[in-house]
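Spelled out, the chains give:
Number of protein chains: 2
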Amino acid sequence: MNYRFSRRMDALKSSAVRDILKLTQGKEIISFAGGLPAEELFPLEAVREATERVFAGGKHTLQYGLTEGYLPLREQLCERMTAKSMPVDPDQMLLTTGSQQAIDLIARVLTDPGDVVLVENPTYLACLQVFQLYGMRVIPVESDKDGMIVEAAEKLMKEHKPKLVYIVPTFGNPTGRVWSIERRKGLLELSRKYGVPIVEDDPYGDIRFDPKADYPTLFSLEGKADGGSVIYLGSFSKTVAPALRTGWAIGDRSVISMMAKAKQAADLHSSTLDQQTLDQLLRHFPLDDHIRRIATAYGSRMQQMQQLLRQQGWSDVSWVEPQGGMFIWVELPEGLDAEALLRAAVGKGVAFVPGASFFAAEPQRNTARMNFTYTEGERMKLGIERFSEAVNEFMARC
Amino acid sequence: MNYRFSRRMDALKSSAVRDILKLTQGKEIISFAGGLPAEELFPLEAVREATERVFAGGKHTLQYGLTEGYLPLREQLCERMTAKSMPVDPDQMLLTTGSQQAIDLIARVLTDPGDVVLVENPTYLACLQVFQLYGMRVIPVESDKDGMIVEAAEKLMKEHKPKLVYIVPTFGNPTGRVWSIERRKGLLELSRKYGVPIVEDDPYGDIRFDPKADYPTLFSLEGKADGGSVIYLGSFSKTVAPALRTGWAIGDRSVISMMAKAKQAADLHSSTLDQQTLDQLLRHFPLDDHIRRIATAYGSRMQQMQQLLRQQGWSDVSWVEPQGGMFIWVELPEGLDAEALLRAAVGKGVAFVPGASFFAAEPQRNTARMNFTYTEGERMKLGIERFSEAVNEFMARC
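Heads up: the protein sequence lines correspond to chains C and S, in order. Read in order, the letters of the first sequence are residues 1 to 398 in the UniProt record's numbering. Read in order, the letters of the second sequence are residues 1 to 398 in the UniProt record's numbering.
Note that these hints are calculated values from the structure, not bench results. Computed from a predicted structure; not experimentally measured. Be a bit skeptical, because a hint or two may be false.
For chains that are exact copies, the list does not tell them apart, and a pair is met inside one copy or across any two.
As the list claims (entries may be wrong) - DSSO-like mimics (lysine-lysine), calculated; alpha carbons at most 30 Å apart, straight line: (1) 224 - 193; (2) 212 - 155; (3) 193 - 59; (4) 212 - 185; (5) 161 - 224; (6) 185 - 348; (7) 59 - 224; (8) 348 - 59; (9) 59 - 381.
So that you can see chain C by itself, here it is in the shape it has in the complex:
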């Protein structure tokens, strides 16, 4: 039989990057490409102890669970959210298979094909895939190092009446940028004025290098879930471990309950072993201390990578020093195509993600996303040497 696929799958751009990265399989490659956390920092022993406690609860722990997610974990997460000025009840929270699933469910319940979504420029690659699959028109809003430019967003809201705005305002992926408080308040105001919900995706917010820095979430500025215009997404993937695949969405209870209906059809519920494990972990493990340890380690790695890049003495390579998160967003010399560079870099044994994929419309091809969390020390040094060799060869050719 020859299978014919749905039109929505045509919309899913095939990824040149994925094809190039496939070439790395089996090779000894130093990768700055993935958004992978540092494995050596995973709290394996605490996770192990947490599962022990789950199993001590008896056989009932292995039964089907609620679509909304394991209630004791939601209750604890609500307390954590409330302590961060995001007051919320378990009825206003849905547990998901990573926060990626929350993006999918939001698109499913709030948009129809042809609807417009506004995003930062550039923005998180995998949100673009979701929006494309739902047949949405993705329009990038002019953005700078302080976030979306509010006037540009307002103009597009008037013109296109978007159904959603999707943002990663704190340590964005790929840029690592942090929105200024003015931009946060500005977008929130627009959202209320034009009735456009904001999806605030915050997987990296806890990974701030300066523990005293304060970047209030848009959800906390809004101050309420019911009737509010912000749907906030959190995740344990960066703070505990990705294998436990647990994220959460909070927002107006009508949206959350509609997302739960959609999730019931999508997969009934996410892993309750994972959810119960995280519940026990939160009860017995000082997670906030652990997050500080990770953030400190990532801050050092970022500094190392930044220093290694500086040492190359390139005059026309630049980046904004990230204050948190997992990525340095590098602007390469004008005219340099980072996809071609990747091909050369992979030949030398190093990988990164060319920036073009993160743009919803016109891509800026001379950009690269460099992950600094997965490698360190001599390995990072060797990786940047290889990267720089590739860049220098390219610059010599230009």
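Got chain C; can you put chain S on it based on the hints?
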């Protein structure tokens, strides 16, 4: 903000049954409603040991995984499938969050709004929800105790050119029916002739009361994944435990790789802790012996429920004795509305699922799905007494 929801969510029928069953929360209710496995039979100790072995593998076990699923588990599952005359490679298999997610992904990659899907009459409730959400037209095919009537299916294929046929041919939900070999072969032939892929959902196939009984899957009759017309879905929810939320889809590699693309947008990947745990479980735990124990226990419970129902001496209540699975499908006296009966039954402290929800079109309202796996002994006896009280009161009124 007032949220406006997508048109696809309008299509999702609100469930009267769910509303009635909500009334049971907090009450002492004996439930024959859920499709819940017997908790006391869960292999908790084996699962615990399996996670220990996973954690012994070191911190890498907590990292991000492949969208396609943990390769060693796919390899083992392929061996199990091949041993059951379903030869398949890891590239022809996708691990999912329960087999429910596989249904969602299949609809996503193979259908467009308005496309027709053929289903048994009655059929699995949650597949109807998925198909409705994707804007599909669901057309039930006349079916009897031996499965779909092939001539009726052919007539509808000619008329509607469906994109899919969805079936549960072995111990179907809700009816418990087993398709005859002729019907299996007949549908397979139609599927090839008209180019309509078959989704063979098989969560209960292993739960056969007679260990010597042989019900070949349509996938095994087809004998191949690539170029074949059957996409087969399996699940560990009934044989190991639902909390581990792991199912799998096998089929033509073009379909599987398209489903993986869609899954990447949907949730990146399912829980790898669960997948690694199941991998270790399969290596060290005699799963097939365990499945025999479950099937034997469920067979006894089915006999107990059947006997209790017979003892009521109803002349116009009937059912076909199931050969496996988890449900007895009861036909109540004509004119009796099982939804009204449920309301009365819940008042007496017992619940079941009225059959109407399982029909894609004209419902047969005098039907009830009774689960026999979750309760046993005195509790089952008390439950059937309460049920029978409700039925008798209704029959007296008619």
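Going through the hints against the structure:
no.	hint	verdict
1	224 - 193	within (17 Å within a copy, 57 Å between copies)
2	212 - 155	neither (35 Å within a copy, 70 Å between copies)
3	193 - 59	neither (51 Å within a copy, 48 Å between copies)
4	212 - 185	within (21 Å within a copy, 69 Å between copies)
5	161 - 224	within (24 Å within a copy, 50 Å between copies)
6	185 - 348	neither (46 Å within a copy, 55 Å between copies)
7	59 - 224	neither (38 Å within a copy, 38 Å between copies)
8	348 - 59	between (52 Å within a copy, 28 Å between copies)
9	59 - 381	between (49 Å within a copy, 23 Å between copies)
When each numbered hint is compared with the structure, violations occur for hints 2, 3, 6, 7.
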